[in-house]
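Trainee: Under our numbering, think of the first position of the sequence shown as 11, with each following residue one higher.
A hint or two may mislead.
[Claimed, not checked] Here are the simulated lysine-lysine pairs, PhoX-like style, with alpha carbons at most 20 Å apart: (1) Lys370 with Lys384; (2) Lys220 with Lys185; (3) Lys220 with Lys187; (4) Lys375 with Lys407; (5) Lys330 with Lys370; (6) Lys189 with Lys125; (7) Lys308 with Lys88; (8) Lys181 with Lys170; (9) Lys150 with Lys88; (10) Lys125 with Lys187; (11) Lys150 with Lys330; (12) Lys360 with Lys189; (13) Lys125 with Lys181.
Hints in this document: simulated from the structure, not taken from any laboratory.
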Amino acid sequence: MNAVGVIVEYNPFHNGHAFHLKAAKEAAHADVVIAVMSGNFLQRGEPALVSKWYRTKMALLNGVDLVFELPYRFAVQKAETFANGAVSILDAACCESVCFGSESGDISDFYQTIKFLREQQQPFEENIHQFMNTGASYPKAVSLAFQQLSDSENYLDLAKPNNILGLEYIKAVNKQKSKIRPLTVPRKNADYHDEHFASDTIASATSIRKAIFSNENGKKEIDQYVPEPTKQLLKEYLHHYQIFHQWENYWSYLQFRLLHCHPHELREIYEMEEGLENRLLAAALEAGSFQEFMQKVKTKRYTWTRLQRLCVHILTNTKKIEMTIHSENASYIRLLGMTSRGKEYLNKRKKDFSLPLVSKLSSCKDPEILLDVKAARVYSLGLPNQVKNDMIRQEFKQPPIFIE
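From just these sequences and the hints, can you work out the full model?
Mentor: Below you can see the structure in the form of structure tokens.
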């Protein structure tokens, strides 16, 4: 069975994702679609709108056959680390190809850009340092450094987030000497960061979340942009758990963590740079909300995304040593859900997997999975008290979801 891999967050699953799945399956001539999906906290340093179990159901009901969790150690990370972890799982699960959406939509642009960057490595790195010394953030410095060196239309626009991620997926494939074949399809209609609905049927996840949180009518406004299973599951989640997750649900916990910790303890948190802890502490004393806190701490040098990731690590008390003692690649594959076709694939291929397959949490002895458990417990803190324990128990008791 030919499997194509996709690397996703589905926050939430929308029509653009449905288009991507269909295009990926066609481009790869695949029988099975395998998704590596971030858990409850995401790459941009945000809590997912709904839990990983509900997003797994969305994926399975909309065309994915197997969902594996991208461990916390890779999910809440910069693009390079995120890509390495995800590609290592797809490779271990015997995927023939990986297909990602990009602003470019042309795989040759990626290879030409990688070749160019390899040939221009030294001046490229020097340019990055120069721009960072002027106060630019690292992503901005990378984009400016590349623009300064390149004038060809055959290279990627490195200011675009999906181009950057796609580049890192291919670099991860090369680095791991994987036989996976990278494929890309163009993103349709909406840009990754769009906050407003740009077409009649496809919108960014950002604009969908903004509509959901803006007012009561927001839940109706998104109807034309998400498939029916997503609508029903969002409605069901809200009915049972009473909220959708956002940073403001966790602000009091983050503020407590910051004000409770001594600066030298904060310096041990992953991604904390020396001196930044003092800025965070000062802002935590004054801010009345997460939004206000972020506005106080953001600078040109530290992007909103970078600071949000740091806040997640503070919230989960994730130390530098916990994130750096492990290999750059995943050490297990955790199964969140499958369809009957996905189950057939596992029956035929799991003996060839190069990493252990975890379907029951209690059977996994890998210490790395404790980070996932801790993240799941912290995620549950954003819920009302009467349903908080439901989610904590689910992490241990929920078997892989099966959709006929």
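Trainee: If a hint holds in the structure, say so; if it does not, say that too.
Mentor: Structure-based check of each hint:
no.: 1; hint: Lys370 with Lys384; result: 16 Å, holds
no.: 2; hint: Lys220 with Lys185; result: 37 Å, violated
no.: 3; hint: Lys220 with Lys187; result: 40 Å, violated
no.: 4; hint: Lys375 with Lys407; result: 16 Å, holds
no.: 5; hint: Lys330 with Lys370; result: 28 Å, violated
no.: 6; hint: Lys189 with Lys125; result: 19 Å, holds
no.: 7; hint: Lys308 with Lys88; result: 17 Å, holds
no.: 8; hint: Lys181 with Lys170; result: 17 Å, holds
no.: 9; hint: Lys150 with Lys88; result: 14 Å, holds
no.: 10; hint: Lys125 with Lys187; result: 17 Å, holds
no.: 11; hint: Lys150 with Lys330; result: 25 Å, violated
no.: 12; hint: Lys360 with Lys189; result: 17 Å, holds
no.: 13; hint: Lys125 with Lys181; result: 11 Å, holds
Of the numbered hints given earlier, the model fails hints 2, 3, 5, 11; all others are met.
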